[in-house]
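Please model the complete structure; the sequences and the hints are all you need to start from.
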Amino acid sequence: MTYCVGIKLNAGLVFLSDSRTNAGVDHISTFRKMIVYEKPGDRVMVLLSSGNLSISQSVREILQIEELREVREDGEEGEPITIWNAKSMFDAARVLGSAVRHVYDRDAEALKHAGLDFNVSFIFGGQVKGEGMRLFLVYSAGNFIEATTETPYFQVGESKYGKPVLDRVLTPETPLDEAAKCALVSMDSTMKSNLSVGLPLDLVVYEANRLQTDKVICIDAENPYYRMLHSSWGQKLREVFDSIEDPVWDDSFTEHPLKMPATRHGALRKISTPDEKLI
1 MTYCVGIKLN
11 AGLVFLSDSR
21 TNAGVDHIST
31 FRKMIVYEKP
41 GDRVMVLLSS
51 GNLSISQSVR
61 EILQIEELRE
71 VREDGEEGEP
81 ITIWNAKSMF
91 DAARVLGSAV
101 RHVYDRDAEA
111 LKHAGLDFNV
121 SFIFGGQVKG
131 EGMRLFLVYS
141 AGNFIEATTE
151 TPYFQVGESK
161 YGKPVLDRVL
171 TPETPLDEAA
181 KCALVSMDST
191 MKSNLSVGLP
201 LDLVVYEANR
211 LQTDKVICID
221 AENPYYRMLH
231 SSWGQKLREV
241 FDSIEDPVWD
251 DSFTEHPLKM
261 PATRHGALRK
271 ISTPDEKLI
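Residues in the sequence shown are numbered from 1 upward in steps of one, following the numbering used here.
Just so you know, the hints here were simulated from the structure itself, not pulled from any lab data.
Please read these numbers as outputs of a predicted model, since none were measured by experiment.
Across the chosen pairs, the derived CB separations fall in these ranges:
#1 192 - 65: 37 to 43 Å
#2 115 - 31: 20 to 26 Å
#3 169 - 272: 45 to 51 Å
#4 151 - 268: 33 to 39 Å
Heads up, simulated DSSO-like pairs for lysine-lysine below, C-alpha to C-alpha not over 30 Å straight-line:
#5 215 - 181
#6 129 - 181
#7 192 - 215
#8 192 - 163
#9 259 - 236
#10 39 - 181
#11 215 - 236
#12 215 - 163
#13 160 - 181
Here a beta-carbon is modelled for each residue, glycine too, at the ideal position from N, C-alpha and C.
See the structure below:
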């Protein structure tokens with residue numbers, strides 16, 4: 001299993017991925033899910049992958065040379081678009097989608113005969129000189145959606161355990177350092193609940209308009225900051241939990257009663273005999 005998250009903020013972008021891949025409890029391996037494409041001063045693109053490892057590796061390999069060919073209005077074929085010359089992140093995402101479809105055309109039928117789905121998804125984000133930062137979620141059909149102000153992050157893989165903290169903390173105005181911390185807490189929560197997600201982690205923090213990356217970190221079990229975060233998050237959660245009063249079931253006074261009638265709904269019915277109807 002995999003967990004990857006990409007976050008788009010006013011201040012920049014944050015990307016985080018684990019590196020655990022498994023095909024059963026006897027086949028657990030380490031494969032990186034993140035790759036950075038960079039021409040300093042011109043473009044920075046980060047790709048995170050989830051799903052069938054052979055598919056995602058094939059897409060990553062093809063993406064570096066994939067060309068999107070289009071016919072101009074005059075009927076002539078224009079210059080092929082690649083991730084290296086795309087004038088926008090949108091065009092680069094289209095090139096990625098084309099690479100996904102090429103792998104599908106090549107492998108989908110064979111996978112189907114083997115009883116396997118064409119299962120892959122990507123988070124793809126970055127910045128091309130001359131435009132703002134953009135973040136996309138690319139599906140197995142090669143189509144994609146873009147992050148918005150209302151939805152400033154994407155997840156792929158084992159996403160459910162790490163989602164609550166992202167929803168509670170992240171806004172477009174969140175500072176980069178806080179967003180990186182939030183992403184790490186999200187990953188730690190996922191690793192706590194799912195053993196198929198694990199260290200080491202790859203973290204990239206990109207500052208808007210720099211057009212190069214200098215905050216690229218590999219985090220293993222000995223990383224001092226991650227060890228502190230893992231310990232502190234668990235401890236603080238327990239402290240907050242203990243600070244919330246327990247529900248009161250008798251008639252004792254409490255400022256926050258639980259045992260009281262609902263304002264809009266009736267009490268739950270109890271069925272006492274076989275003849276009673278449910279509705």
